[in-house]
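A.B. asks: Listed here are the chains, written in short residue letters.
Protein chains: 2
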Amino acid sequence: MLNRVRSAVAHLVSSGGAPPSRPKSPDLPNATSAPPAAPPQAPRSPPARAGSGGAAPARTVEARASFSRPTFLQLSPGGLRRADDHAGRAVQSPPDTGRRLPWSTGYAEVINAGKSRHNEDQACCEVVYVEGRRSVSGAPREPSRGQGLCFYYWGLFDGHAGGGAAEMASRLLHRHIREQLKDLVEILQDPLPPPLCLLSTPGAPGSSDSSQLVGPQSCWSSQKEVTHESLVVGAIENAFQLMDEQMARERRGHQVEGGCCALVVVYLLGKVYVANAGDSRAIIVRNGEIIPMSREFTPETERQRLQLLGFLKPELLGGEFTHLEFPRRVQPKELGQRMLYRDHNMTGWAYKKIELEDLRFPLVCGEGKKARVMATIGVTRGLGDHNLRVCSSTLPIKPFLSCFPEVRVYDLTQYEHCPDDVLVLGTDGLWDVTSDCEVAATVDRVLSAYEPNDPSRYTALAQALVLGARGTPRDRGWRLPNNKLGSGDDISVFVIPLGGPGSYS
Amino acid sequence: MLNRVRSAVAHLVSSGGAPPSRPKSPDLPNATSAPPAAPPQAPRSPPARAGSGGAAPARTVEARASFSRPTFLQLSPGGLRRADDHAGRAVQSPPDTGRRLPWSTGYAEVINAGKSRHNEDQACCEVVYVEGRRSVSGAPREPSRGQGLCFYYWGLFDGHAGGGAAEMASRLLHRHIREQLKDLVEILQDPLPPPLCLLSTPGAPGSSDSSQLVGPQSCWSSQKEVTHESLVVGAIENAFQLMDEQMARERRGHQVEGGCCALVVVYLLGKVYVANAGDSRAIIVRNGEIIPMSREFTPETERQRLQLLGFLKPELLGGEFTHLEFPRRVQPKELGQRMLYRDHNMTGWAYKKIELEDLRFPLVCGEGKKARVMATIGVTRGLGDHNLRVCSSTLPIKPFLSCFPEVRVYDLTQYEHCPDDVLVLGTDGLWDVTSDCEVAATVDRVLSAYEPNDPSRYTALAQALVLGARGTPRDRGWRLPNNKLGSGDDISVFVIPLGGPGSYS
Numbered sequence: 001m002l003n004r005v006r007s008a009v010a011h012l013v014s015s016g017g018a019p020p021s022r023p024k025s026p027d028l029p030n031a032t033s034a035p036p037a038a039p040p041q042a043p044r045s046p047p048a049r050a051g052s053g054g055a056a057p058a059r060t061v062e063a064r065a066s067f068s069r070p071t072f073l074q075l076s077p078g079g080l081r082r083a084d085d086h087a088g089r090a091v092q093s094p095p096d097t098g099r100r101l102p103w104s105t106g107y108a109e110v111i112n113a114g115k116s117r118h119n120e121d122q123a124c125c126e127v128v129y130v131e132g133r134r135s136v137s138g139a140p141r142e143p144s145r146g147q148g149l150c151f152y153y154w155g156l157f158d159g160h161a162g163g164g165a166a167e168m169a170s171r172l173l174h175r176h177i178r179e180q181l182k183d184l185v186e187i188l189q190d191p192l193p194p195p196l197c198l199l200s201t202p203g204a205p206g207s208s209d210s211s212q213l214v215g216p217q218s219c220w221s222s223q224k225e226v227t228h229e230s231l232v233v234g235a236i237e238n239a240f241q242l243m244d245e246q247m248a249r250e251r252r253g254h255q256v257e258g259g260c261c262a263l264v265v266v267y268l269l270g271k272v273y274v275a276n277a278g279d280s281r282a283i284i285v286r287n288g289e290i291i292p293m294s295r296e297f298t299p300e301t302e303r304q305r306l307q308l309l310g311f312l313k314p315e316l317l318g319g320e321f322t323h324l325e326f327p328r329r330v331q332p333k334e335l336g337q338r339m340l341y342r343d344h345n346m347t348g349w350a351y352k353k354i355e356l357e358d359l360r361f362p363l364v365c366g367e368g369k370k371a372r373v374m375a376t377i378g379v380t381r382g383l384g385d386h387n388l389r390v391c392s393s394t395l396p397i398k399p400f401l402s403c404f405p406e407v408r409v410y411d412l413t414q415y416e417h418c419p420d421d422v423l424v425l426g427t428d429g430l431w432d433v434t435s436d437c438e439v440a441a442t443v444d445r446v447l448s449a450y451e452p453n454d455p456s457r458y459t460a461l462a463q464a465l466v467l468g469a470r471g472t473p474r475d476r477g478w479r480l481p482n483n484k485l486g487s488g489d490d491i492s493v494f495v496i497p498l499g500g501p502g503s504y505s
Numbered sequence: 001m002l003n004r005v006r007s008a009v010a011h012l013v014s015s016g017g018a019p020p021s022r023p024k025s026p027d028l029p030n031a032t033s034a035p036p037a038a039p040p041q042a043p044r045s046p047p048a049r050a051g052s053g054g055a056a057p058a059r060t061v062e063a064r065a066s067f068s069r070p071t072f073l074q075l076s077p078g079g080l081r082r083a084d085d086h087a088g089r090a091v092q093s094p095p096d097t098g099r100r101l102p103w104s105t106g107y108a109e110v111i112n113a114g115k116s117r118h119n120e121d122q123a124c125c126e127v128v129y130v131e132g133r134r135s136v137s138g139a140p141r142e143p144s145r146g147q148g149l150c151f152y153y154w155g156l157f158d159g160h161a162g163g164g165a166a167e168m169a170s171r172l173l174h175r176h177i178r179e180q181l182k183d184l185v186e187i188l189q190d191p192l193p194p195p196l197c198l199l200s201t202p203g204a205p206g207s208s209d210s211s212q213l214v215g216p217q218s219c220w221s222s223q224k225e226v227t228h229e230s231l232v233v234g235a236i237e238n239a240f241q242l243m244d245e246q247m248a249r250e251r252r253g254h255q256v257e258g259g260c261c262a263l264v265v266v267y268l269l270g271k272v273y274v275a276n277a278g279d280s281r282a283i284i285v286r287n288g289e290i291i292p293m294s295r296e297f298t299p300e301t302e303r304q305r306l307q308l309l310g311f312l313k314p315e316l317l318g319g320e321f322t323h324l325e326f327p328r329r330v331q332p333k334e335l336g337q338r339m340l341y342r343d344h345n346m347t348g349w350a351y352k353k354i355e356l357e358d359l360r361f362p363l364v365c366g367e368g369k370k371a372r373v374m375a376t377i378g379v380t381r382g383l384g385d386h387n388l389r390v391c392s393s394t395l396p397i398k399p400f401l402s403c404f405p406e407v408r409v410y411d412l413t414q415y416e417h418c419p420d421d422v423l424v425l426g427t428d429g430l431w432d433v434t435s436d437c438e439v440a441a442t443v444d445r446v447l448s449a450y451e452p453n454d455p456s457r458y459t460a461l462a463q464a465l466v467l468g469a470r471g472t473p474r475d476r477g478w479r480l481p482n483n484k485l486g487s488g489d490d491i492s493v494f495v496i497p498l499g500g501p502g503s504y505s
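Chains as they are written, first to last, in UniProt numbering: chain A, 1 to 505; chain B, 1 to 505.
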């Protein structure tokens with residue numbers, strides 16, 4: 001993530017475990033990722049968890065002091081060094097000789113052009129088995145009581161102010177999702193609508209035996225019908241929150257420095273769930289048509305949410321910021337003059353007389369890639385950032401960030417897909433310099449050069465997308481064929497075939 | 001507005017000024033529009049007005065104790081009685097012999113089937129001249145200093161819990177818009193981008209002489225460009241807020257009882273601005289294609305905003321409500337069991353263990369037309385409702401309601417319109433029983449039966465839409481041709497031709 005977090009003291013995980021000297025990025029002068037202090041007073045919901053789902057998975061998180069790349073890349077020590085080389089910026093993909101990723105998924109990545117020591121993107125691709133929740137005695141259910149569930153999982157994590165959060169999320173987020181789904185194994189496989197209420201046997205919280213379900217028919221007549229799909233969405237949403245809470249708990253011991261955007265795909269029971277928190281993006285290219293599967297969460301797209309929070313909780317602004325937006329910084333000499341402004345409930349602009357408190361820095365300022373919350377961070381959703389503070393201040397920024405994703409659902413069974421229909425996930429390194437239409441054109445160009453049943457075509461496509469966004473070194477920079485600057489950011493891309501070979505394996 | 005406000009004591013303005021006996025609607029048993037008390041502690045933005053724009057227009061609001069219909073209907077006393085007859089439900093339109101509405105706009109309305117004594121919808125259609133703000137001496141500007149502006153204006157106001165708010169809004173909202181635009185007269189006619197900052201001469205706040213404008217070029221390089229269009233949007237947004245504040249101030253003296261949805265169209269300098277706060281709706285039918293020009297604001301569409309407010313400001317819930325949503329009311333015997341819930345940041349559902357505070361009534365409950373905030377009101381944006389309280393409680397509901405509209409802009413110059421292209425505005429009485437496609441079909445059927453240059457065709461269309469939603473009395477009710485129930489609500493419809501005769505007069 002280039003340019004999206006101003007942080008002069010963002011610690012990097014060095015190979016020796018001590019903060020290394022690192023090149024300071026000239027565009028990161030203004031803020032500090034402060035040492036652990038009192039947790040920020042984020043207005044968080046009271047924990048409202050499933051009775052027995054509260055246990056965090058994988059409590060035995062080992063400190064990962066060394067730089068790492070996704071295990072499916074199967075990098076040798078030499079390969080790891082090559083992947084870490086800012087000068088060469090070699091594109092990395094899983095080896096053609098090894099075990100393929102599920103669904104013949106294509107993947108490619110490249111390190112940034114020098115903005116951070118290591119590649120702060122991380123990725124994960126897994127097939128995850130979900131066993132139904134065991135009873136309190138620990139004995140497994142009888143086999144007849146229902147089988148477990150499998151889901152396919154892809155995740156891209158774009159770190160900022162350090163690689164720790166992205167690395168941790170890439171190892172653990174799918175386990176949190178699995179944990180949330182455990183209670184739903186039977187319910188999701190039952191064609192009946194989900195029960196609104198589950199009876200809990202004393203001492204066996206979370207038991208969801210069918211015999212203990214209170215079906216909708218036994219409840220009031222006035223009740224909402226809740227779909228299976230919305231249970232999966234809720235499970236993913238809560239998994240994001242639990243992942244974020246785990247980062248908050250473990251940040252001291254395990255160097256969970258910085259934060260990360262998270263873009264995650266779950267395929268379960270015929271449906272694709274795309275969950276996004278941050279500014280990575282996903283699109284489906286289907287028969288040449290583009291279907292957006294996410295939207296970005298930035299200070300611009302979430303301006304009204306941020307301003308409302310600042311207005312309702314002015315203590316979060318610490319007397320340093322104003323929740324009003326101005327088209328530029330107000331200057332002291334302009335007191336009493338009238339300037340354009342926007343309040344939290346406005347989409348248009350109007351003039352207001354400048355008063356003393358309007359001289360504070362606006363909570364939201366800037367445009368496009370330069371838009372910032374509290375002059376510091378350019379994404380408004382994601383995981384981590386628990387230590388992020390405003391420069392020269394102890395004011396925490398985390399209360400304004402949301403760890404909740406937007407989840408979009410795509411029903412794979414509603415359309416007969418051909419091998420050229422793909423879901424493309426990319427970090428902002430891809431999208432900053434590549435339009436949806438350019439991606440669709442590359443999909444068409446690359447896939448048509450391969451046989452439909454050649455499983456390597458999706459890797460070739462991912463590589464072409466990464467190369468097209470990186471460009472080649474020329475004229476003191478990485479340049480695209482049109483001579484515009486390529487992306488100097490970390491770039492990571494998944495290409496998931498929706499109807500290709502192995503799709504439904 | 002049928003079924004959208006539960007209020008047993010909603011005062012009606014009687015012809016004699018005293019509360020009349022009225023039929024109590026069986027679906028309004030639960031809440032009370034309390035007598036004026038301390039104003040609710042709504043979290044409102046601090047007034048951030050244009051320096052000289054604070055004076056409310058039309059301070060001389062006379063108490064309107066008698067039932068009224070839009071003046072453009074030109075109703076005689078006998079006509080007024082006929083319009084007020086629940087049994088006949090005669091459709092009302094402006095007389096064919098009188099002066100036509102601007103743009104040959106069509107209008108039709110019908111009273112409800114008995115749910116309230118009078119028709120609580122109101123309408124307004126005006127051509128409004130905006131003179132530039134005068135200097136502090138009160139002397140008009142020199143003519144050379146720029147001419148005034150004209151805007152065309154249409155408004156539908158759907159009242160609830162009494163007709164006062166709708167009546168007041170229909171008389172005054174366009175004046176508030178005019179007042180907000182006064183400062184912008186010169187700026188909107190200047191092809192240059194709006195100045196970000198206006199110099200104020202001491203003693204002449206609000207002066208916007210061109211000579212005193214600080215153009216963008218003299219400001220920092222990092223600044224947002226603000227469009228003329230967004231200034232008009234901001235003016236309309238602030239006009240809604242000022243209208244709402246005026247209702248709050250004058251509710252004691254002038255019987256501004258109840259509240260109203262407001263759907264307003266402003267045509268200014270080639271663009272159509274559609275501002276909506278409530279559950280009325282507007283669509284454009286252009287060459288048979290349907291273009292939605294508004295969305296509805298209800299407890300369902302605004303669930304997350306409402307829940308977030310309840311979560312951040314729990315004092316607004318008064319210990320009586322929970323901000324969590326449940327698919328049905330939780331029962332005391334279910335304590336400790338696990339029930340589906342949604343928090344403010346979730347779109348999916350999950351199970352949680354029921355705790356004591358979950359037994360409170362949910363802030364948002366119900367579905368569709370039965371969805372309610374605090375078990376009381378079914379719309380979440382609009383004007384008025386300053387006295388609305390939860391039944392058997394002093395808890396104010398107004399803090400959860402927003403007076404801000406969503407404004408959509410349609411550029412009339414971007415498309416060559418034919419006489420059959422129309423903008424249709426309707427209160428929920430129309431849309432509850434009529435789909436967008438049915439409206440489009442009626443547009444096609446009725447307009448094709450008239451000559452393109454026959455100005456009465458739009459009135460005929462408005463009447464057909466109202467009749468189609470009302471139905472005919474049959475089988476103990478008002479029935480549509482398909483034998484479904486027609487709307488028993490007040491129904492009001494504007495049909496605005498986008499390219500018809502007189503459109504640009």
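No lab work stands behind these hints: they were computed from the structure. Some hints here could point you the wrong way.
Note: identical chains are not told apart, hence a pair may lie in one copy or across any two.
With a cut-off of at most 25 Å between alpha-carbon atoms, the simulated DSS-like pairs for lysine-lysine come out as follows [what the hints assert, rightly or not]:
| no. | residue 1 | residue 2 |
| --- | --- | --- |
| 1 | 115 | 484 |
| 2 | 271 | 224 |
| 3 | 271 | 370 |
| 4 | 484 | 370 |
| 5 | 333 | 313 |
| 6 | 369 | 333 |
| 7 | 369 | 115 |
| 8 | 369 | 484 |
| 9 | 313 | 484 |
| 10 | 224 | 115 |
| 11 | 224 | 369 |
| 12 | 370 | 115 |
Every value quoted in this text rests on a predicted model; they were computed, and no experiment measured them.
A.B. asks: Would you mind marking each hint as holding or not holding in the structure?
C.D. replies: Now for the hints, and whether the structure bears them out:
1. 115 x 484: within (19 Å within a copy, 66 Å between copies)
2. 271 x 224: within (22 Å within a copy, 41 Å between copies)
3. 271 x 370: Neither: 36 Å inside a chain and 31 Å across chains, both beyond 25 Å.
4. 484 x 370: Classified as within; 19 Å inside a copy, 56 Å across copies.
5. 333 x 313: neither (29 Å within a copy, 36 Å between copies)
6. 369 x 333: neither (29 Å within a copy, 53 Å between copies)
7. 369 x 115: within (15 Å within a copy, 54 Å between copies)
8. 369 x 484: The answer is within: 17 Å in one copy meets 25 Å, while 54 Å across copies does not.
9. 313 x 484: neither (43 Å within a copy, 49 Å between copies)
10. 224 x 115: Result: close neither inside a copy nor across copies, 50 Å intra and 27 Å inter.
11. 224 x 369: Intra 41 Å, inter 13 Å, cutoff 25 Å: inter-copy only.
12. 370 x 115: Answer is within: at 16 Å inside a copy they meet the 25 Å cutoff, but 55 Å across does not.
Consistency with the previously given hints fails for numbers 3, 5, 6, 9, 10, ordered from lowest to highest.
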